[in-house]
Amino acid sequence: MASNDVKLMAHLMRRAGFGASRGRLDELVEQGYDETVENLLSAIDRPTRMTDNLIRRYHPEYSGMMGNQSPSGNWMYRMVSTDAPLREKVGLMWHGMFATGYSKLANGKVLHDQIRMFERHGMGSFKNLLMELSRDPAMIVWLDNSENHNGSVNENYGRELLELFSMGVGNYTEHDVKEAARAFTGWTIGNTEYMTLKSARDSVWPYGRLSFHFEYKEDDHDNGEKEFLGHKGNLNGEDIVDIICDQPATAAFLSRHMYSFFVADEPPVPEWPYKEPRDPEAIAALSKVYFDSDYNVEEMLRFLFKSDFFKSEQARYQRVKSPAELVAGVLRLTGEFNRPKVDMNPTNLQSTYMGQWLLNPPSVEGWHWGTEWIDSGALVERVNFASERLGNIESPGVQTLIDRILSDSNGGLNAEDLVERALDELSVADISEKTRSALVEFAKTQVNQLDSGNAGPEQVANVLKLVGATPEFQRA
Amino acid sequence: MVTAQLKPSLIVIQLSGGNDAMNTVVPYTNGIYHDSRRAIHLTEHNVIDLNGTLGLNPSMGPMKSLWDAGKLAIVQGVGYPQPNRSHFRSMDIWHTAESDHIADSGWLGRTIRELDPEAKNVITGINFGRGLPRALHAKGVPVASVGNLETYGLMPDIADRMTREMAVDVFARMYGPDDTRDAMLQTISETGMGAYLGADILRTAPAQYSSSIEYEGVPIAQSLRDISQVLLADVGTRVFYTQHGGYDTHAGELENHAKLWHELSTAVNDFIADLEEHGRGDDAVVMIFSEFGRRIQDNGSGTDHGSGGVAFVLGNPVKGGFYGEYPSLDPSEQLEGDMKFNNDFRGIYATVLDQWMGINPQEILNKNYEQFDMIRR
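Taken in sequence, the protein lines are chains A and B. Read in our numbering, the first sequence has 406 at position 406, and its numbers run on one by one without any break. Read in our numbering, the second sequence has 34 at position 34, and its numbers run on one by one without any break.
All clues stand as given, with none of them false.
Computed list of lysine-lysine pairs in BS3-like fashion (alpha-carbon distance at most 25 Å, straight line):
{"#": "1", "chain 1": "A", "residue 1": "Lys232", "chain 2": "A", "residue 2": "Lys217"}
{"#": "2", "chain 1": "A", "residue 1": "Lys288", "chain 2": "A", "residue 2": "Lys127"}
{"#": "3", "chain 1": "B", "residue 1": "Lys139", "chain 2": "B", "residue 2": "Lys367"}
{"#": "4", "chain 1": "B", "residue 1": "Lys139", "chain 2": "A", "residue 2": "Lys275"}
{"#": "5", "chain 1": "B", "residue 1": "Lys340", "chain 2": "A", "residue 2": "Lys178"}
{"#": "6", "chain 1": "B", "residue 1": "Lys139", "chain 2": "B", "residue 2": "Lys120"}
Worth flagging that the hints you see were computed from the coordinates, not collected in a lab.
Okay, chain A solo, but in the shape it has when bound (with noise of 0.2 Å):
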């Protein structure tokens, strides 16, 4: 079975990654855990899948530019068939954080701009992150900055990026909340008016909406003298975001984010006012790297994925997956996406019934985590759809799958061994006796079914399925 170095190669491939199969684990470990970090963060994705002016041609329909589907079935797509999945693990924290929704932007290309801006700027500079946030059009419909005007403050945006992109409550008065708002007015978008009325009277057919496009209006800046956090004068946005990062605040509060997001899962963020961090030390070791890096992404995660706190056993399986997690972790086994097809955006949606609708998330607050991605009905879809698809012999991955079990058999299978073989391929490391016994009488009745009592094909697949639909399969 599975070595430890296979494990902690898995573990850091379902954190960094969404899993990987269990030969391409043994590559891994032949590389190096250490150069495997290093590929993972400098990674850019080598389109070995068809590209996306192809995309655009062929498959319009998730090309990113029309409805609400497209650009989130866009997005699931190099999910499942990236080289750079790390980019998209990233991307997946930051939409979390500064969660933009259809809802209310009814234009699926601003979305899926977004979205690219995390994969261009995510694991860069956080203040140059937090610039591109502050000029991102869909951020600035959705916050209603294109409202915020000199002397008709809104103050959505500023409220925000305080409270839930940056700093967290309790930090910041507000005074400042406000101060923040009048600072950020005439950052818009140009032609506003006009692109409202296109989104809300033309057809997305043929050629999907067009982008909004930043726009710094001077005669709508509120020129006026401010007070933020303690600093005076006439600031302007870029004030604003250079005052938030130097907050420890700030940096505690980031930190705390990618603890929860690649470590191990922590309360939702209105409890964190009230409940400390589970490794107060982990937080202060990566906001320490956060000053020290001048606020870089990308040595925190260099950091966090050589620290002992992430290679610890402790750490291990402490993750709900989330269910984008679970959707692109079970499509990449399968292997049915290695190129385009119609039936993405429906597989997309599985997804959302899981209650995570990429790119329209409830609300500015995002999805709550962890354990609170388990509700029953939640719970039943995950079931469903894992065990569907990793049970579905038609699939190619799910026959190299069954190849690969089958052919260190030695012409035959016991049920203890194929469940084993089947927890190994499918990464499923630690497994309560409960579990573990309920499916090996399972694998029992399947390997009987057969003259020889040894597992075939049919009988392996459905032991995958089954630990499809296991209590320990829903973490990562």
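The hints should help you fit chain B onto chain A, whose structure is shown.
Same frame as chain A, but now just chain B:
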């Protein structure tokens, strides 16, 4: 008094985003309202008058029918001390009924525990929608969350009946009680067990249902139709929950807010008519709330987060009318630019728990709150 054959059910509808109370129940004769809402005010020409000074949003026609029938209670000036204008936190306060500290369970979760302490029926409480709201969460209390009633069930892809039964049986064993599991796996397996037990029961509801009511195709209407199906199937469900989103009207409020209230009013009215048609109108009370109201002053095209809001309680058992005072809009009476709350929302919870569900509200809310005389007995 709740009689023996009556099965009091509570349906809670959450309006997510912060419903603008002032443009829902409009003080249309008040000069301050018109001065504060230059961009988005409603006038005597379009509101649906209720009493000569207050009127419903023009899109709320179907709610007016309920009002005329004496089945709609409007609770004004709803909120809690030291209002919080964060969606997250404010919703959390409504969900947990705890405004001073973070509570780890929801008020309806505790209610379900009270109704069914040994969790004998895993569908005593059901959420219709995706993602379980905190209001229904309580440790060890199974709550079904049903996205789509028609397709609810485990591993329906297995065509062979025998194999599926076997697989579902294995599922039940894997998710059964096991003390050696950590807290995360414990939660996952308890939830799975609840799903397993609930799925079989719920499968029967749509098949038994027939009605002349044609609900609209929008999600809130479909959710209320699903609720009706389960309520009419008599499977022991007492607490129903669903959400209607989009009330965060910072911009384009007049148009968006009207669309939302059209959808909701129509769906609620259809729901009550559906229960009536089946002779079950006396068994249900519907409560509608939102996490906060919005600023008195508009921002040019919408309104920002505020505090004091409005809630509705409706159904045959409800004594229609206004409850509480409409908060004064006078600048000296405003709270940081908001309507000041004068009714603690927990007073509504207490009323519904005590007078309708027959539960001691102190058990659920940890404190006594003043009740309204709102339920017919």
